[in-house]
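S.K.: Now for the letters of each chain:
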Amino acid sequence: MSSQVHGAQKFDEAKRAATIFSEDGMKTVQTIISHYPPEKIKSALLPVLHVAQAEFGGWLSPETMDYVASILKIRPVEVFEVASFYTMYNLKPMGKCVLEVCQTSSCWLNGAEDIVKYIEKKLSIKVGETTKDGMFSLKVAECLGSCGTAPMLQCGASYHENLTYEKVDTLLENYRAEGKLKSYTDLDYKNTL
Amino acid sequence: MQRVKEFNMGRKLLIHNDHIPNIHTLEVYRANGGYASVEKALKTMQPDQVTDEVKKSGLRGRGGAGFPTGLKWSFLAKPEGVERYLVCNADESEPGTFKDRYLMEKIPHALIEGMITSSYALGAKTSYIYIRGEYFYVARIVEAAIAEAYAAGLLGKNILGTDFSHDCYIQVGGGAYICGEETALLESLEGKRGNPRIKPPFPAVAGLWGCPTVVNNVETIAAVVPIVNMGGEEYAKIGVGKSTGTKLISASGHINKPGVYEIELGITVEDFIYSDEYCGGIRNGKKLKAVVAGGSSVPILPAELILKTAKGEPRLMTYESLADGGFQSGTMLGSGGFIAMDEDTSIVKNLFTFARFYHHESCGQCSPCREGTGWMEKILQKFLNGTANESDVELLWDIQSKIEGKTICPLGEAAAWPVAAAIRHFKHEFIEIAQKKKFVDISHYDRLNLVRA
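Residue numbers (the numbering used here), protein chains in the order written: chain A, 76 to 268; chain B, 498 to 950.
In isolation and in its complexed conformation, chain A is listed as follows (with noise of 0.2 Å):
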């Protein structure tokens, strides 16, 4: 199998057994791939990997990534090295929400790196790592095209924008009461502008 390819990852068969798209799930990749001519259905890797990463968890197993592939009619190096270039995809466990604090400059000359100080503050936890409960991981991230609404951050599918500590403090809590994990594929996004 594919286990050469994953590194340190452990190669679970048993997960990967169990690793199936849910019905809407396999409708929308089915859907990509239509996108794109029979013989092309590579192309379909990057936003089918989205899907994925969404419906298994929040990350992108070794599991995943071989599942991935076996649908691709690709190998599964193709998947990971896609995988790992990537900056949306996750390769480890994440916290149920991933908050990506931009910090280029537009956001810097507009205080993203306070906004981080405080997140890292009320969260107890660094830039790159998750809470105990598993709710919140800390990201900082490259211009996210935001930079007249700076600072912000992205969690999933949503642009918070004119950050203020006041904004974190609500969104924080508006996640945790949700509880639920967030994805990039996400309908129900908002703007909280």
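Source of the hints: derived by calculation from the structure; they are not laboratory data.
Errors might be hidden in some of the hints.
From chain B, some residues computed to sit far from chain A (all C-beta separations above 12 Å) [unchecked claim]:
#: 1; residue: N514
#: 2; residue: R527
#: 3; residue: K540
#: 4; residue: D549
#: 5; residue: P565
#: 6; residue: A701
#: 7; residue: N726
#: 8; residue: I836
#: 9; residue: R853
#: 10; residue: K933
#: 11; residue: D943
Computed list of lysine-lysine pairs in DSSO-like fashion (alpha-carbon distance at most 30 Å, straight line) [stated by the list, open to error]:
#: 12; chain 1: B; residue 1: K603; chain 2: A; residue 2: K242
#: 13; chain 1: A; residue 1: K167; chain 2: B; residue 2: K689
#: 14; chain 1: A; residue 1: K115; chain 2: B; residue 2: K654
#: 15; chain 1: A; residue 1: K196; chain 2: B; residue 2: K875
#: 16; chain 1: A; residue 1: K242; chain 2: B; residue 2: K754
#: 17; chain 1: B; residue 1: K603; chain 2: A; residue 2: K214
#: 18; chain 1: B; residue 1: K875; chain 2: A; residue 2: K192
#: 19; chain 1: B; residue 1: K537; chain 2: B; residue 2: K552
#: 20; chain 1: B; residue 1: K879; chain 2: A; residue 2: K115
#: 21; chain 1: B; residue 1: K754; chain 2: B; residue 2: K786
#: 22; chain 1: A; residue 1: K85; chain 2: B; residue 2: K689
#: 23; chain 1: B; residue 1: K784; chain 2: B; residue 2: K934
#: 24; chain 1: A; residue 1: K201; chain 2: B; residue 2: K875
#: 25; chain 1: B; residue 1: K879; chain 2: A; residue 2: K192
#: 26; chain 1: A; residue 1: K117; chain 2: B; residue 2: K552
#: 27; chain 1: B; residue 1: K879; chain 2: A; residue 2: K214
#: 28; chain 1: B; residue 1: K603; chain 2: A; residue 2: K255
#: 29; chain 1: B; residue 1: K875; chain 2: A; residue 2: K148
#: 30; chain 1: B; residue 1: K689; chain 2: A; residue 2: K214
#: 31; chain 1: B; residue 1: K784; chain 2: A; residue 2: K242
#: 32; chain 1: B; residue 1: K875; chain 2: A; residue 2: K167
#: 33; chain 1: B; residue 1: K754; chain 2: A; residue 2: K214
#: 34; chain 1: B; residue 1: K622; chain 2: A; residue 2: K265
#: 35; chain 1: B; residue 1: K875; chain 2: A; residue 2: K214
#: 36; chain 1: B; residue 1: K654; chain 2: A; residue 2: K102
#: 37; chain 1: B; residue 1: K754; chain 2: A; residue 2: K115
#: 38; chain 1: B; residue 1: K689; chain 2: A; residue 2: K102
#: 39; chain 1: B; residue 1: K783; chain 2: A; residue 2: K242
#: 40; chain 1: A; residue 1: K117; chain 2: B; residue 2: K622
In this text the structure is predicted, and so the values were computed from the model without any measurement.
Quick reminder that beta carbons are idealized off the backbone N, C-alpha and C, glycines included.
Since the structure of chain A is provided, determine the placement of chain B on it from the hints.
M.R.: Structure of chain B alone, referenced to chain A:
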């Protein structure tokens, strides 16, 4: 600071309807003249006539490079029996740029209309809109608009009863700045890592899946709509010289009114920054210190050089005027990502955020860029830590000079230019930090909020 309007700032062609409620729906968009260019092109024009109008318009690529769009289209190879593709570059990720997001979010049909009209000109049966993954919710909005267009017979078989059939699909990316480079975008669209290709062959000959492909920015494609509607010659009358038409500018930083503005190319930079129609001046009554005029990769200019050229003429928002003086005293219009910084901004620290960005986003294919961007970030970190020496400025200069022109794609230049410009115009700041060993730590949040309160 209130200024008297000296230039006709009125004309908008792309986002003039952005205030209309529900303009994102097909019904409202069509009620306001939407899809007229599709009607006109498909029913009354030959494909080559559309290309001719775009040529006459003088439209230049709005993604950053400013290459004439009509010329790019005319390079498209058209071998018999081979599919051709139009790919829209909606991977907007140049720091300081958020205009495409605004356009797609507010008026998604403007892009789709442009895609259909442009595809007709190019003879493309299929087109793709590659949207950066972080803009997932924007992709949803565009997706909904595409579904509406299909339902109304504006996409699919025999559009508006003509012989022209076209399919338009969206692909979301995975989060990588490099995919804004057109060949990296094509690799990504093929389901691979975003490593730029060696050119030639150019995409016009061998692009998506080896087929002839045109890759255009969102704003470029949207601009085809007014060009077809009003005619290329009329469009070319707007603007100054070779900078024709209107341009979306993403304004951010320490200004009173950040946001997306559509300008007629040719207004003065001073008007853009200080007039209430646009940025509304610098926040908290501070003085302007520096501007990055066209996205993070273009050279930063101090206030005096962005407002006036080295010759003392007022600097205009045009490709030529912003570039006046070369890199010695000028910059570039680029993507129109306009970042203004006030007098309290540390240029060194701002540069660090750029260096960190390019290090993070280098695809790793070419060693000058892969290694050089990391070295530059590390050296700039020394300045922030208070451990830099004066000689580190020379070292930084040396490294940037060895990246430029030595890489497959322009990310190398994009990483080198901001470093070179910061040293060129603000060397004293680097020296000062190195001499005093002072720790650079500016709390912008407190600073801006305290003054606001």
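S.K.: The structure should be examined with respect to each hint, and the outcome stated for every one.
M.R.: Checked hints:
Interface exclusion of N514(B) from chain A stands, the closest Cβ pair being 20 Å apart, more than 12 Å. The non-interface label for R527(B) is consistent with chain A: the shortest C-beta to C-beta separation is roughly 25 Å, beyond 12 Å. Under the 12 Å C-beta cut-off, the non-interface status given to K540(B) relative to chain A holds; the minimum distance is some 28 Å. Chain A leaves D549(B) outside its interface by the beta-carbon criterion, the shortest separation being 31 Å against a cut-off of 12 Å.
The Cβ of P565(B) lies farther than 12 Å from every Cβ of chain A, with a closest approach of about 26 Å, so its non-interface assignment holds. Interface exclusion of A701(B) from chain A stands, the closest Cβ pair being 20 Å apart, more than 12 Å. Residue-level check passed: N726(B) sits 28 Å from the nearest beta carbon of chain A, beyond 12 Å. At the 12 Å boundary, the C-beta of I836(B) falls inside the reach of chain A, the nearest C-beta of that chain being 6 Å off.
Taking the minimum C-beta to C-beta distance to chain A, about 8 Å, the non-interface status of R853(B) is violated against the 12 Å cut. No beta-carbon of chain A comes within 12 Å of the beta-carbon of K933(B); the shortest separation is about 21 Å. The beta carbon of D943(B) is not kept farther than 12 Å from every beta carbon of chain A, the shortest such distance being approximately 7 Å. For the suggested pair K603(B) and K242(A), the alpha carbons sit about 24 Å apart, so the restraint of at most 30 Å is met.
Between K167(A) and K689(B) the alpha-carbon distance is near 21 Å, which keeps this suggested pair within the 30 Å criterion. With a CA separation close to 22 Å, the supplied pair K115(A) and K654(B) stays within the 30 Å bound. A hinted pair counts as satisfied when its Cα atoms are at most 30 Å apart, and K196(A) with K875(B) qualifies at roughly 26 Å. Taking the CA atoms of K242(A) and K754(B), the gap is near 20 Å; set against the 30 Å cutoff, the hint holds.
For the suggested pair K603(B) and K214(A), the alpha carbons sit about 29 Å apart, so the restraint of at most 30 Å is met. A threshold of 30 Å between alpha carbons decides the hint, and for K875(B) with K192(A) the separation of about 22 Å falls inside it, so the pair holds. Our distance criterion of 30 Å between C-alpha atoms is met by K537(B) and K552(B), whose separation comes to about 17 Å. Only pairs whose Cα atoms come within 30 Å are accepted, and K879(B) paired with K115(A) is rejected, the gap being roughly 47 Å.
Using a Cα cut-off of 30 Å, the hinted pair K754(B) and K786(B) holds, with the two alpha carbons roughly 17 Å apart. Restraint check for K85(A) and K689(B): the C-alpha separation of about 24 Å stays at or below 30 Å, so the hint holds. At most 30 Å may separate the alpha-carbon atoms for a hinted pair to count; K784(B) and K934(B) meet this at roughly 26 Å. For a cut-off of 30 Å, the pair hint linking K201(A) to K875(B) stands: about 21 Å separates their Cα positions.
Between the alpha carbons of K879(B) and K192(A) the distance comes to roughly 21 Å, so the proposed pair stays at or under 30 Å and holds. For the given pair, K117(A) sits about 36 Å from K552(B) by alpha-carbon distance, which is inconsistent with the 30 Å threshold. The suggested pairing of K879(B) with K214(A) holds, with an alpha-carbon distance near 23 Å, which does not exceed 30 Å. Restraint check: the Cα-Cα separation between K603(B) and K255(A) comes to about 29 Å, which is no more than 30 Å; the hinted pair holds.
Distance hint between K875(B) and K148(A) is unfulfilled; the C-alpha atoms sit about 42 Å from each other, more than 30 Å. Between K689(B) and K214(A) the alpha-carbon distance is near 25 Å, which keeps this suggested pair within the 30 Å criterion. Of the pairs offered as hints, the one joining K784(B) and K242(A) holds, with about 29 Å between alpha carbons and a cut-off of 30 Å not exceeded. Straight-line distance between C-alpha atoms of K875(B) and K167(A) comes to about 27 Å, which keeps the hinted pair within the 30 Å bound.
Distance restraint check for K754(B) and K214(A): the Cα-Cα separation of roughly 28 Å lies within the 30 Å cut-off, and the hinted pair is therefore satisfied. Of the supplied pair hints, the one linking K622(B) and K265(A) is violated, its CA atoms being roughly 35 Å apart against a limit of 30 Å. Proposed proximity of K875(B) and K214(A) is supported: the alpha carbons are some 20 Å apart, at most 30 Å. In summary, the hint linking K654(B) to K102(A) is supported, as the alpha carbons are separated by about 23 Å, within the 30 Å threshold.
Distance check on the hinted pair: K754(B) and K115(A) sit about 46 Å apart at the alpha-carbon level, beyond 30 Å; violated. With a C-alpha separation of about 23 Å, the suggested pairing of K689(B) with K102(A) holds against the 30 Å cut-off. Distance check on the hinted pair: K783(B) and K242(A) sit about 26 Å apart at the alpha-carbon level, within 30 Å; holds. At roughly 20 Å between alpha-carbon atoms, K117(A) and K622(B) fall within 30 Å of each other, so this suggested pair holds.
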